[in-house]
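Protein chains: 2
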Amino acid sequence: MAGDGRTFDRGSGTVTKLVRNQGVTAPSGFRATGISAGIKASGRPDLALVFNEGPDYAAAAVFTRNKVKAAPVLWTQQVMTTKRLRAVILNSGGANACTGPLGFQDTHATAEAVASALSDWGTETGAIEVGVCSTGLIGDRLPMDKVLGGVKDIVHEMAGGLTGGAEAAQAIMTTDTVPKQVALHHESSWTVGAMAKGAGMMAPSLATMLCVITTDAVADADALDRALRNAAARTFDRLDIDGSCSTNDTVLLLASGASEITPTQDELDAAVLAVCDDLCAQLQADAEGVTKRVAVTVTGAATEADAVVAARVIARDSLVKTAIFGSDPNWGRVLAAVGMAPVDMAADRISVSFNGTPVCIDGAGAPGARDVDLSGADISVVVDLAVGVGEGTVRTTDLSHAYVEENSAYSS
Amino acid sequence: MAGDGRTFDRGSGTVTKLVRNQGVTAPSGFRATGISAGIKASGRPDLALVFNEGPDYAAAAVFTRNKVKAAPVLWTQQVMTTKRLRAVILNSGGANACTGPLGFQDTHATAEAVASALSDWGTETGAIEVGVCSTGLIGDRLPMDKVLGGVKDIVHEMAGGLTGGAEAAQAIMTTDTVPKQVALHHESSWTVGAMAKGAGMMAPSLATMLCVITTDAVADADALDRALRNAAARTFDRLDIDGSCSTNDTVLLLASGASEITPTQDELDAAVLAVCDDLCAQLQADAEGVTKRVAVTVTGAATEADAVVAARVIARDSLVKTAIFGSDPNWGRVLAAVGMAPVDMAADRISVSFNGTPVCIDGAGAPGARDVDLSGADISVVVDLAVGVGEGTVRTTDLSHAYVEENSAYSS
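Line order of the protein sequences matches chains A and L.
All residue numbers for the first sequence refer to the numbering used here, where the first residue is 2 and numbers rise by one.
All residue numbers for the second sequence refer to the numbering used here, where the first residue is 2 and numbers rise by one.
Just chain A, with the same shape it has in the complex (with noise of 0.2 Å):
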């Protein structure tokens, strides 16, 4: 895979690898593993546990924005006014949102059959120190019985080590074809894993997303919540497969303080930051029907949130993605896209390349717009404001038949 073996120099001299083989259980101080619970008719392995083994217990989150919540975000919102988390269990096979009081009722005692289970397993947890997160189906209970059976037997399967990670990754899994995770081994000896999940419903805030990030730094609750919005501001908020946004969103990022190195804030975000986007970049290759990985870019705004907005509306075009979808170089598109955001622009001046080559200058067409090929699996969109310095990208997807197919076949 394209991340495997990665390094990269973040400007202090230091160098970092980033490799894609690994998950939450790369840094020290974390357990995880994923098994068939029998939520999912399938059998597939759809619950999955992440346990930090400490000695911190700090983190951090960032949710779905949408106003209709999951019961297992209301849930885990409440538990991280804590600023703490112990471990996470994860289901696919039912979103567990719009469920009402039965499904928040439903979370609350997963929660406290991890607590339980852990207690018994010789850690004394709260079901306050348990966050929990759902994807699937929205709108139906999860069928109890399988989950609180599955709590019992994922507690004594725990796996230390990458295989337990890596089996995490799979169980949350749900149109995803692949599983996604990623760790970064810091030079100065310590590491962030992460795992998510997400293959349609990607969107302004988040994308369907769950994700887990851990990281044996040492790191207080405030700099983990730094660091976590600065990285999704820049990754998971500007990756917009298809303009809608999960119920379930959640990230959630724990340090175990293992390694016992305090990074600096800025080796922390930085560190973030680069897992962030590694799996946003695999979230954008797996996305539900897509042909084509598009990154849409905007330059010469008067802000930056001005060129990731004006980026994010092309990005959300359905005429500019089904002319991608059909290699078409069909850059008028693109200009009536973005002649309807919300920002300044000077639309007699606006400019567009495709793939490196332009297609339009100040707002017309240039010679052999028509003829630029975008047949490859990588497109690149180039649109210049001409108003000011601002820059933004946002990540997208074309608009296939294999995504229509996908949406429309079943329901999911």
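Everything labelled a hint here was simulated from the structure, so no lab data went into it.
The list makes no distinction among identical chains, and a pair is therefore deemed to hold if it is satisfied within one copy or across any two copies.
SDA-like, lysine to any residue: derived pairs with alpha carbons at most 25 Å apart:
(1) 68 - 310
(2) 293 - 327
(3) 68 - 368
(4) 68 - 352
(5) 153 - 45
(6) 293 - 406
(7) 147 - 129
Using the hints provided, position chain L relative to the given structure of chain A.
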């Protein structure tokens, strides 16, 4: 057709008749025609003229809110500062958008040519009295030899009577499969007639959409402006097929005064609204790739404006639209979509019904919700936000394979 011979009581006791096989030449004082000028490679009709014989020339207009405006929009906005129109020339086969200063010169030259031809024909006309509308592919210059040649011909072929209006409606079609026209005969002996085109790119402000409305009522420009803005806000502005918005949208309302009847403002408002509403139904039914006509109604919002905003968010959601294409009563996607609307709502008291059957009550699933039959072509989605009495409806369509096919297979 559904609108044929439809009559309705507008509360004042008067009965008024809506007829779909008549258009812009139904009112007295208007001539129109459509011809093949060779702008379209297919040889199909591509040039239309609507001519107001007077005695009045008052007019009103609404235009796209897109910041990227086509040359004919920029031109006609200038014309409309005079609040009068003697003629409108419309072409399909090219949008003349994103064509720079030369494209604007082409539009100007077209208006000059129409004015000159009308003057030669015996009606002294200035270019500033001629509105210009274009529709088709964005980004290419028009073949001006064809356009200017066509202008000379079309003035001589202008017919009175219903035939000319039908020919004009035919000549403005692009991906439309049927022409759209309607006439309203008021029992007080005045008439409103209209034609429209537009099948894709229908969006927040307006559909792509060219629409010319004529009336033989006596009405000054301010009365026309009020009637047109009122109608557009309740009809075209609430038709959202794919969230995209054209660079060329133009709706023009011309009054000849030939009936010598002066309706009240309320009568005029109601008549123009009825005509625009019927055209919207026709546009929706012929939208690109449509297999279902969907009406999304939001009730219980804090205000009518909030209701429309929320309905539009649902109507634009790809996951809702693909579910409806698949006849899947996946109400959870409606909840997830509306939860992102920037309006007040009581998330735990939201209710949803499909085709009149409750599928979600107080934010949770209703018994039998997954069994609702959505196999028919007309789908009603009603969402109650439970915070007020504001109501609004947005018309949309499903997101089908045919939509993807039509918009990916060729530049349009």
